[in-house]
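K.L.:
For reference, the chains in residue letters:
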Amino acid sequence: MIESLSLHKPHIEHWLVLSAILFAIGLYGLLSRRNAIGILMSIELMLNSAILNLAAFNRFVAPASVDGQIMALFVTAVAAAEAVVGMAIFVAIFRHRRIIDVNRMDLMKD
Amino acid sequence: MISDAVYTLLFYAIAIITIVFALAVTMSRNLLRAAVYLMMVLLTTASLYIMLDAEFLAGIQVLVYVGGIVVLIVFAVMLTRSAEMLDRPPLRRKLSAGLASVLFAAATIYIFWTSAFPIAQNNVAVPPNNTEEIGLKLLDYGSGGYILPFEIISLLLLATIIGGIVIARKTPPPEQPFTTGGDLKGEADFDAPHTQRPETISRKHI
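Protein chains in written order, with my numbering: chain Y, 1 to 110; chain W, 111 to 316.
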């Protein structure tokens, strides 16, 4: 039992598959939610899986350097900025229209 | 050998927990609960970073995501009363979204599983001064340094602070430059429809 477990230590493919599954779940939320804040949460999930990818590549492809972790830090900062602006826009829209359903935000459609 | 076995066990356990909570984030109808599930996903991902020998990244994840973004999301859910309105997507939309994401996952996993990555051969251990290396590299202006993106990110964060305040604030303070004037009339008086604000009105008439 212990031997077989220690022989099947997760390799880079396992980490990448995990992050692909998380990204697909985020994609499902992005496409199926109607509330704009729910969509933003799904985007955070997807960004998180992208960061996991960067960290996994850093660990397995170039373990002596830290470039992947630095790029992950940049992704984190951009995600924080995006969340702040997104939330501000949603609060402003809610104050105007009392609803943040993305199906009904179609002013620029026609 | 024992540590390898424990590592494998931990990886699969944490991966399953993360996937379950991520599914809960996208399927929960109450958005406040979805925010709590999102916090759990981010915490388990932080433990995955620790398993990848990226301790600084795990700390930043807990500080920025769990301490900042999730709190912001909870505030936004409460300010927009999204927790009262349950999010029920129609079945057709659920099916098409599920089909799209399953197809995406299948294609990506197939590509990941069949391609060969340039793995570092002698599975060298990560140097213990990981965090110190990150700090040195972020402020390094030689070749391979990251000083320029670092400065650009700080500029982006500054712009975000100002943008967030300008977009989300309720009323423009009077006698201040750079007010757009667009939100003077209707929207600012939404909560108290008949309040007159003599400063702004007099300024407009002048």
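Calculated directly from the structure, the hints in this document are not laboratory data. Please note that a few of the clues may not be correct.
[Said to hold, decoys possible] Derived DEER-like restraints, expressed as beta-carbon distance ranges: (1) W:230 <-> Y:97: 18 to 28 Å; (2) Y:110 <-> W:273: 24 to 34 Å; (3) Y:3 <-> W:268: 31 to 41 Å; (4) Y:101 <-> W:276: 19 to 29 Å; (5) Y:103 <-> W:229: 39 to 49 Å; (6) W:254 <-> Y:97: 25 to 35 Å; (7) Y:93 <-> W:265: 34 to 44 Å; (8) W:205 <-> Y:9: 20 to 30 Å; (9) W:246 <-> Y:103: 42 to 52 Å; (10) W:241 <-> Y:11: 40 to 50 Å; (11) Y:4 <-> W:269: 16 to 26 Å; (12) W:119 <-> Y:98: 42 to 52 Å; (13) Y:12 <-> W:173: 38 to 48 Å; (14) Y:12 <-> W:242: 42 to 52 Å.
[To be verified] Anything over 10 Å on all C-beta distances counts as not near chain Y; from chain W, calculated: (15) 125; (16) 166; (17) 253.
The beta-carbon is built from N, C-alpha and C at its ideal position, and this holds for glycine as well.
K.L.:
Which numbered conditions among the earlier hints are violated in the structure presented, ordered from lowest to highest?
P.N.:
1, 3, 6, 7, 8, 10, 11, 13, 14, 15 and 16
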